[in-house]
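Keeping the supplied structure of chain C fixed, place chains R, S, P, L and U with the ligands upon it in accordance with the hints.
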Amino acid sequence: MARAAEDAPPSLEDLQSLVPGLQVTLDNVFILVATALVIFMHAGFVLVEAGLTRAKNAGNIVMKNFVNVAIGIVAFYLVGYAIAFGGVFDGLGAYIGGGGWLIGDGAFAYGNLTPFTFFIFQAAFAATAATIVSGAMAERTKFIGYVTYAVVMTAVIYPIVVRWQWGGGWLYQLSTPFHDFAGSTIVHMTGGVAAFAAARALGPRIGRYGADGKPRAIPGHSIPFAIIGCLILFVGWFGFNGGSWLGADPIVGRIATTTMIAAGAGAVVAALLTKLQSGKTDVAMTGNGLLAGLVGITAGCFAVTTVGSLIIGAVSGVLVVYAVAFFDKIKVDDPVGAISVHGVCGVFGTIAVGLFSNEEVEGVVAKGLFYGGGTDQLVSQIIGVVAVAAFVLVASVILFAVIKATVGLRVSEQEEREGLDVHEHGSPGYGSDRALA
Amino acid sequence: MARAAEDAPPSLEDLQSLVPGLQVTLDNVFILVATALVIFMHAGFVLVEAGLTRAKNAGNIVMKNFVNVAIGIVAFYLVGYAIAFGGVFDGLGAYIGGGGWLIGDGAFAYGNLTPFTFFIFQAAFAATAATIVSGAMAERTKFIGYVTYAVVMTAVIYPIVVRWQWGGGWLYQLSTPFHDFAGSTIVHMTGGVAAFAAARALGPRIGRYGADGKPRAIPGHSIPFAIIGCLILFVGWFGFNGGSWLGADPIVGRIATTTMIAAGAGAVVAALLTKLQSGKTDVAMTGNGLLAGLVGITAGCFAVTTVGSLIIGAVSGVLVVYAVAFFDKIKVDDPVGAISVHGVCGVFGTIAVGLFSNEEVEGVVAKGLFYGGGTDQLVSQIIGVVAVAAFVLVASVILFAVIKATVGLRVSEQEEREGLDVHEHGSPGYGSDRALA
Amino acid sequence: MARAAEDAPPSLEDLQSLVPGLQVTLDNVFILVATALVIFMHAGFVLVEAGLTRAKNAGNIVMKNFVNVAIGIVAFYLVGYAIAFGGVFDGLGAYIGGGGWLIGDGAFAYGNLTPFTFFIFQAAFAATAATIVSGAMAERTKFIGYVTYAVVMTAVIYPIVVRWQWGGGWLYQLSTPFHDFAGSTIVHMTGGVAAFAAARALGPRIGRYGADGKPRAIPGHSIPFAIIGCLILFVGWFGFNGGSWLGADPIVGRIATTTMIAAGAGAVVAALLTKLQSGKTDVAMTGNGLLAGLVGITAGCFAVTTVGSLIIGAVSGVLVVYAVAFFDKIKVDDPVGAISVHGVCGVFGTIAVGLFSNEEVEGVVAKGLFYGGGTDQLVSQIIGVVAVAAFVLVASVILFAVIKATVGLRVSEQEEREGLDVHEHGSPGYGSDRALA
Amino acid sequence: MKLITAIIKPFKLDDVKDALKAANVTGITVTEVRGFGRQGGHVETYRGAEYKVDLIPKVRLELVVEDTVADRVVEVIVKSAGTGKIGDGKVWITDVSRVVRIRTGEEGRDAI
Amino acid sequence: MKLITAIIKPFKLDDVKDALKAANVTGITVTEVRGFGRQGGHVETYRGAEYKVDLIPKVRLELVVEDTVADRVVEVIVKSAGTGKIGDGKVWITDVSRVVRIRTGEEGRDAI
Amino acid sequence: MKLITAIIKPFKLDDVKDALKAANVTGITVTEVRGFGRQGGHVETYRGAEYKVDLIPKVRLELVVEDTVADRVVEVIVKSAGTGKIGDGKVWITDVSRVVRIRTGEEGRDAI
Ligand SMILES: Nc1ncnc2c1ncn2[C@@H]1O[C@H](COP(=O)(O)OP(=O)(O)O)[C@@H](O)[C@H]1O
Ligand SMILES: Nc1ncnc2c1ncn2[C@@H]1O[C@H](COP(=O)(O)OP(=O)(O)O)[C@@H](O)[C@H]1O
Ligand SMILES: Nc1ncnc2c1ncn2[C@@H]1O[C@H](COP(=O)(O)OP(=O)(O)O)[C@@H](O)[C@H]1O
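Residue numbers (our numbering), protein chains in the order written: chain C, 1 to 437; chain R, 1001 to 1437; chain S, 2001 to 2437; chain P, 3001 to 3112; chain L, 4001 to 4112; chain U, 5001 to 5112.
These are computed hints drawn from the structure, not numbers from a lab.
Hints may contain errors.
[Unchecked claim] Here are the simulated DSSO-like pairs of lysine-lysine, each with C-alpha atoms no more than 30 Å apart in a straight line:
1) U:5017 <-> S:2329
2) S:2331 <-> S:2280
3) S:2331 <-> P:3052
4) C:280 <-> U:5052
5) S:2214 <-> S:2280
6) U:5021 <-> U:5085
7) C:275 <-> S:2404
8) C:404 <-> C:214
9) P:3085 <-> P:3017
10) C:329 <-> U:5052
11) S:2280 <-> S:2329
12) C:280 <-> L:4017
[Said to hold, decoys possible] If we take Cβ atoms under 10 Å as the criterion, some of the chain S residues that face chain C in the derived model are:
13) 2031
14) 2058
15) 2127
16) 2144
17) 2225
18) 2424
Glycine residues also receive a C-beta, built at the ideal position from the N, C-alpha and C atoms.
Next up, chain C with everything else stripped away, as it sits in the complex (with noise of 0.2 Å):
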């Protein structure tokens, strides 16, 4: 619709205003894409966290990762996009925003982007960080509670720390800026975190430890959902990483190269370490391997090399394989692997900038340690991951509390036995067209 080819050459006056716009428009379309491919990533979670949980609660836990980028969506818009990108950036204003609400005067674009194109990408990450807490809750959540906490999340929570650092806040004011290039800490694992505090409040499901406290495994119904999933994350994660660079630019092959490579990494080392420990090849493990690799390299993935985004993507392999026996140890049951997968790689993988850096950007990124760029970089990057960490775990142990005393946190154990679905949401997620239905 709309638009017309132009017929006569332009001038050198017009070609100065032309080609700077071809820019401008290049770098609106890209994002568009890019934000097209990271909503894509929703339909990747629901997978992962639906495959690797029971029929019975199949259809709450799609619900929840659906409605999660509706409210999502909704809450970034009307609340969220202000408190990260408003207002000014200094006092206050570095560690929350305020101003262009509604994505109206004021409001904040980057580079060429406008507001509108910022809002989109930024929007699906808003969801993103929100989502992966659902799979470390599955299972056993009241639906109200958890849609209580995804609203808090989008509007509140995440938005503060995406003011610290992509927002102008503190983080990026350090003299060596934190280096989170698309979010290893500020998406992964401040869902990571909230995903802990999550599981921690909620309990382990019926039946997942043993009289003798023993963890024993509760099968996910449908690996090939789970692993369809994965696929997706990954197909979503060009867009993520690739996005993040705000505009279109040849750098983006680049960072697709490091994405790729720490994802084959992770998901080869994470089977080889199955395969190794059980003499079987674990399929849903392997999953988490190449999500691991993705998420350690999100934060490095502009300025490591290639061999660097190898050993990174490796060691998530490595990471996530002993991080789920842990957690399961201690008795807090994530069925889905999202605290080991996004909190425990997205930290690695934020320090890991802090090593394998051999990027010098001023007011970017400096030299990693092991580049020949001492600790600066190392420093900053363990002070982000800590400030990050314990916000959101401080917000959301009382986030979660207060859900608790409020509108409840956990169904009954009935429920929980017999699935949430027909509970919370009227009918079962798989109908059965059989006689005895």
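Chains R, S, P, L and U with the ligands in isolation, oriented as in the chain C frame:
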């Protein structure tokens, strides 16, 4: 393959051709990507429609949507494209085209797009309009009857509707042109009205109404499928609405913003409403709510403000819940809610442009009633909706009557009870690897 | 992150660097998106192969395709890329490369693409060629045997084939170069021939042939999976074929047009043919028909007309139906039809370029026999097909023989009966949440 | 006490259930089964190949009833399950020597 | 030989199995079934419409045991399966005239 | 009339069915079940944790036959279902006091 890098710096003359060429390239490449996203929507339709119907018809419903894509491409290539866009625009040409057959001499193209690029995007749309109907016809339609419908729809009926507006026909020639940016009416309502005619012609499924005449729910066999399908449709809609600019432009960010907000609002409102009505948050209806918001915003995604999009999405979310109940009551059995989502919200969204438009572009769109633009646009919107609805309804009623009288429209009672898969396609959609399969 | 908007209007000098830079940016960004689409194809392979096999092996088949991606990326990064594209092009270099290891010094790149962007696209292709084979090996292959194959395929065999043509080797150096635009031969036939060698080496599944020697169908466990997989492959093919221009250009619209038409024709024709043969329209075979059309057009998508693509797609749709029956008859058990789709239609599509090419580009492609170009191109096509088929066949036969003699190729009878999931991966692909699981 | 077992066509389940309720039967246990019988099977086609399906979906009902009503219940089932077409199924009766209601421990006629 | 058939609540299966093992029962066959009884059903909602579900998931156990232990096994089941709430299920006993172990051809008490 | 119930290994179903057909059995009802017995279970692993699976998939056959052929049918089943390995299953016989064919209302030997 094939293209080599330039070496010497370009002269001003070079630049004069290079720069417009860059916009041309960008436009074509962007529409290629948008087309891929629209084709992807078909996977969404497959999942939504399969998920909301029974397992015994799963092979049949996915087959319907699948061949629909194939038929749509071939029929639109051989016939539809020329009818929609070819030939002269006055006289009869304002109602039906003819020319540029097989994307050959005289094939129409828009702006910077090559006829090929324009074709792929339009062909993907044609298949979409047709496939909407398959949901309303699910679980009781003869395959040959459906195929006949799909051929006529993509070769003739839909192309004629396109002609009237996007093809430069009489609706486009109104003094205040009808405005349907990406097809709330042209694609979705067209599908929704044909779906209504189809469901009426078929009658309800066996068991859909009790002896007391009250509707009895027939739950779908996979809510996860349905919800993943909704998310895929959401992703595809970035191409559907964004690509409808028919070129690359920073405006696509705003188009995507209104699209996202309406989608989110539709889902949130539908979820709340079902909770209020029955005490349970209905998952499938929440999915429909998201789609309702998307259909509703499709006409106005370029013209309305973000606040307007929030309202349009929210109202669509309300409409779909009541519309589903209404069609249930009047015994029009629409297993997936296609009539409500695409038909009802298509009408509303189109008319909403006359209320919420905040744009004023000569020959494209005027301001709406609520933004001080008077009733000009509103009147054109009503004309367009009524004209298209009337044409599609009459054409569809005739088409389904002819199908009934010739190849047949509805399967036998036995086939319906046992499922269409084995009878129409030779084997069940879900094979079993158990011994007693 | 990182890039700031320009302020002052650019001088002519600025423009002289900005404009070519824009094309570079556009090329790299487009290939990033195309790569994401090609990676997405792996989700399609997972779904098609899982859908067309039994539930008891679902975890195994998705795992095979999944680790295949991970292995492919890592192996192609460490070894394959250098073999395919590195080093000199004469002498032995016409047959096998070596250089630019780890995308380091001397790494090859094409046109405006950075070595990184070129790498990601090529790595995604490498994983594709390998994963084709997993379908033919389904339901009876030892996991360790498959993994061994995947490593050798992506590290060595496929890279050598690439070298011969896309890597600038001897097929590219023919006086009329072999033309395989996006890989009907290089990717698909390579996969198909290896699939043939694998299925032969493995022998048919237990129960696949009756006591009378007649083939007995073993229906797949989810036709919806298979069909969604086909649609995802279709979507991915926009990146596969469109991206094979290795840069952004309006031509991608035409490439996508021929791709779409062939896909549509393949599906329509396969559906009709199964209807004529058995009275029932076979769903899985219609899916194969679409893929057949896509494989068939992959070599010629740039060179042929739309009418040519219609014919190529239609013939591929016929070929796949007869080829599946043929391999059934000669007792080569290929559960998903990989040999027929990728092997047979890969051969046909490549040779069809010599018949239907309507392009004449020096050093790229000549006109085909039917468009007045004589037999030059046809001869080169036959040379390429025969050479690649012979090499891949010999290499694969040796590889599978070695695997058989070392780590083992086929699982035990008991494991095959009970399903590979529990034996190879520890637990079933579909967990149960019923009490008696 | 008698145990009545019936194999019926799946789509008849609702009718039979209603008829049994009307006949004051208070409990039924239902199983999805597959049956092989005179009805024979059919050939299905898949990707051009054929295979035989000779186990047809059926529903199995199990009811423990008092001796006195057993024959009447059989008549009710036969009447409500019949379509007159091949494959309608069978009903048979076996003796039960003891019945207990788990909830209460009640036995015999009080247990059903 | 006696055949004991029990209909129990699904989530009680593990408890019953453990209790039976403790009582030296060496074999059980388990079927997923659905039951209709005093427990009644419930109404489910889907897309704004309602439908009645009156067949509740249950588990059916089948055990062939020696005559002498039959009553004791019934007590074990009743005790371990009971929750005291409606829908707990039933247990009944029928006579078995012959039992064979397929693997060995052993009969009678040696077969179980 | 006798009711023969057999628990067999799933992959043996085709063999048993063929053997029974050859022995002129005209009807069988088949159920998917799970069995617990001497065969024991196994441990599965998932994401690094373990769990025990002690209910093994089995198939249950049910045949009503005339008294005179019952023992012969049992032999046919035992022979065709046996693999000699643990877990092959059991066959048992119970008495049936009445059989009706729903389609025709025929009783007794005419009903099967
Ligand atoms: N002798 C039998 N023992 C157990 N079940 C039987 C027997 N004969 C038939 N059945 C069951 O009854 C069903 C219907 O029987 P069939 O012989 O096909 O038709 P009809 O009941 O009309 O004679 C079968 O599918 C099977 O489940
Ligand atoms: N007469 C019966 N014959 C066979 N099964 C029965 C009978 N009565 C009850 N059942 C089974 O037992 C289950 C529980 O019975 P119900 O009457 O609901 O509760 P309770 O056992 O507490 O009285 C039912 O769901 C059904 O499967
Ligand atoms: N006493 C029994 N009552 C009912 N079913 C039994 C009994 N014993 C065994 N079964 C069934 O037979 C199957 C095989 O029995 P099992 O003891 O494992 O091996 P085997 O038959 O070789 O001795 C079990 O899985 C179970 O389904």
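Evaluation of the provided hints:
About 27 Å separates the Cα atoms of residue 5017 of chain U and residue 2329 of chain S, which keeps this hinted pair within 30 Å; it holds. With a CA separation close to 24 Å, the supplied pair residue 2331 of chain S and residue 2280 of chain S stays within the 30 Å bound. The suggested pairing of residue 2331 of chain S with residue 3052 of chain P holds, with an alpha-carbon distance near 19 Å, which does not exceed 30 Å. The hinted pair formed by residue 280 of chain C and residue 5052 of chain U meets the criterion: a straight-line CA distance of about 16 Å does not exceed 30 Å.
The hinted pair formed by residue 2214 of chain S and residue 2280 of chain S meets the criterion: a straight-line CA distance of about 20 Å does not exceed 30 Å. Proposed proximity of residue 5021 of chain U and residue 5085 of chain U is supported: the alpha carbons are some 25 Å apart, at most 30 Å. With a C-alpha separation of about 20 Å, the suggested pairing of residue 275 of chain C with residue 2404 of chain S holds against the 30 Å cut-off. Restraint check for residue 404 of chain C and residue 214 of chain C: the C-alpha separation of about 27 Å stays at or below 30 Å, so the hint holds.
Restraint check: the Cα-Cα separation between residue 3085 of chain P and residue 3017 of chain P comes to about 20 Å, which is no more than 30 Å; the hinted pair holds. Between residue 329 of chain C and residue 5052 of chain U, the direct Cα distance comes to roughly 18 Å. Compliance with the 30 Å bound is thereby established for this hinted pair. The suggested pairing of residue 2280 of chain S with residue 2329 of chain S holds, with an alpha-carbon distance near 21 Å, which does not exceed 30 Å. Proposed proximity of residue 280 of chain C and residue 4017 of chain L is supported: the alpha carbons are some 29 Å apart, at most 30 Å.
Interface hint at residue 2031 of chain S: satisfied, since its Cβ lies 7 Å from the closest Cβ of chain C, which is below the 10 Å cut-off. Of the supplied interface hints, the one on residue 2058 of chain S holds, with its beta-carbon coming within about 5 Å of a beta-carbon of chain C, less than 10 Å. For residue 2127 of chain S, the interface hint holds, since its Cβ comes within 10 Å of a Cβ in chain C; the closest pair sits about 9 Å apart. For residue 2144 of chain S, the shortest C-beta to C-beta distance to chain C is roughly 9 Å, which falls under 10 Å, so the interface hint holds.
The restraint placing residue 2225 of chain S at the interface with chain C holds, with a minimum CB-CB distance near 7 Å, inside the 10 Å limit. Contact between residue 2424 of chain S and chain C, as hinted, is supported at the beta carbon level, the nearest pair being about 6 Å apart and thus within 10 Å.
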